[in-house]
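Working from the sequences, and respecting the hints, build out all of it.
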Amino acid sequence: MKNCKLFFCVIFMCGVYCAYAQQTASNGGKKNLALSVWVSGNIKGMTAEARNNLQNKLTQIASKQGVAAHPGYSRFILTANVVVQEKYITSTAPPKQAYKLDITFYVGDGFEGKVFSSHTSSVTGIGDNDTKAYTNALKNIKVTDPAYKKLMDLGASKIVDYFNTQCDFVIREAQTLAASQKYEEALWKLTSVPDVCADCWKRAMDEADAVYQKKIDRECQIVLNEANNTWNVGQNIEAAGEAGAVLVKIDPSSNCFDQAMALSRKIAQRVKELDDRAEAEKKEELQFQRTMEEKSKQLEQLRIEKNAEAEQERVKAYQDVSIAWAENQQIHYVPFW
2 MKNCKLFFCV IFMCGVYCAY AQQTASNGGK KNLALSVWVS GNIKGMTAEA
52 RNNLQNKLTQ IASKQGVAAH PGYSRFILTA NVVVQEKYIT STAPPKQAYK
102 LDITFYVGDG FEGKVFSSHT SSVTGIGDND TKAYTNALKN IKVTDPAYKK
152 LMDLGASKIV DYFNTQCDFV IREAQTLAAS QKYEEALWKL TSVPDVCADC
202 WKRAMDEADA VYQKKIDREC QIVLNEANNT WNVGQNIEAA GEAGAVLVKI
252 DPSSNCFDQA MALSRKIAQR VKELDDRAEA EKKEELQFQR TMEEKSKQLE
302 QLRIEKNAEA EQERVKAYQD VSIAWAENQQ IHYVPFW
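Residue 2 is where the sequence shown starts when you use the numbering used here, and the numbers rise one by one after that.
Because the hints were derived from the structure by calculation, they are not lab data.
This structure is a prediction, so every number in the text was calculated from the model and none was measured.
One or more hints might be untrue.
What the hints assert, rightly or not - Derived pair list, reagent style EDC-like, types lysine to aspartate or glutamate, alpha-carbon separation capped at 20 Å:
| # | residue 1 | residue 2 |
| --- | --- | --- |
| 1 | K65 | D210 |
| 2 | K203 | D162 |
| 3 | K250 | E227 |
| 4 | K159 | E186 |
| 5 | K151 | D103 |
| 6 | K88 | D129 |
| 7 | K101 | E50 |
| 8 | K317 | D210 |
| 9 | K150 | D110 |
| 10 | K159 | D210 |
| 11 | K45 | D103 |
| 12 | K250 | D218 |
| 13 | K273 | E243 |
Structure, rendered in structure tokens:
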């Protein structure tokens, strides 16, 4: 019984404290140019296995150049097209199938189908059959080729130019989405601005801060109403536990966090009144209540502190929301060929 009576207090304070701590973990600094790797399904003659091999090679290239983004996270992509330049039988014993492939790598806007930079290289593969020869050719793509840096640099320059001319439009579009309570999609658009576009990135992050605040404030009110309704229906130990499980979803930075804390104290007090515990146990719970209130003060202090690290973590929170949104969408890119 004692554990049940402490359950509500523990789940609310510990849950909120841990969630906030995770939100304020370091993300290693701002993002740079971010490219999602994508392989079209319409490359002529390419099998599923070959497509996976090409996807892996592109991912390795993006990672080595420091531009890899979460799949579907960025409107800007690194992709490639493969054209069979030559197909022949080797003169070896036994004879083998051979392919010479021209692979053109692209950096561009995957939504508008616009190419910013490209580079073509040739690879050869030999195998027992067509499939193995084609796949072996893709395996010979050199992910350390210095030409990829030029490809990325030129692409980055064009992307900066894009945001210098389209920044107002990007922000207005996000504002329109936020006005329709499509906060996650709005954050996705705003966080797609890479920090290589310094001026636009700053404006986008300022707008993202406003959008994110609206999002968590709305969610806070919904959760608080749910917790109130749950508690008002039961007003017993079980209802306290259910309300506590709901309240831990509230972001400490939301505008109704204080109301959530007030509700938690109200429920905790009622739980005490419902209990016949021994005097020693009552003293223990009073001590726990003081500990809970102290943690609340600590959270409040964390919430109001403004420093560079806190700002970086706020940006990470925007990115986490936008990534979660993108994962639940079917992002469609346009081929460049």
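Now for the hints, and whether the structure bears them out:
Restraint check: the Cα-Cα separation between K65 and D210 comes to about 31 Å, which exceeds 20 Å; the hinted pair is violated. In summary, the hint linking K203 to D162 is supported, as the alpha carbons are separated by about 16 Å, within the 20 Å threshold. For the suggested pair K250 and E227, the alpha carbons sit about 11 Å apart, so the restraint of at most 20 Å is met. Proposed proximity of K159 and E186 is contradicted: the alpha carbons are some 24 Å apart, above 20 Å.
Of the supplied pair hints, the one linking K151 and D103 holds, its CA atoms being roughly 18 Å apart against a limit of 20 Å. For the suggested pair K88 and D129, the alpha carbons sit about 13 Å apart, so the restraint of at most 20 Å is met. Between K101 and E50, the direct Cα distance comes to roughly 18 Å. Compliance with the 20 Å bound is thereby established for this hinted pair. The hinted pair formed by K317 and D210 meets the criterion: a straight-line CA distance of about 11 Å does not exceed 20 Å.
For the suggested pair K150 and D110, the alpha carbons sit about 18 Å apart, so the restraint of at most 20 Å is met. Restraint check: the Cα-Cα separation between K159 and D210 comes to about 27 Å, which exceeds 20 Å; the hinted pair is violated. Pair hint K45 plus D103 holds up; C-alpha atoms about 13 Å apart against a cutoff of 20 Å. For the given pair, K250 sits about 12 Å from D218 by alpha-carbon distance, which is consistent with the 20 Å threshold.
Taken as a hint, the K273 and E243 pair is honoured in the structure, with Cα atoms around 17 Å apart against an allowance of 20 Å.
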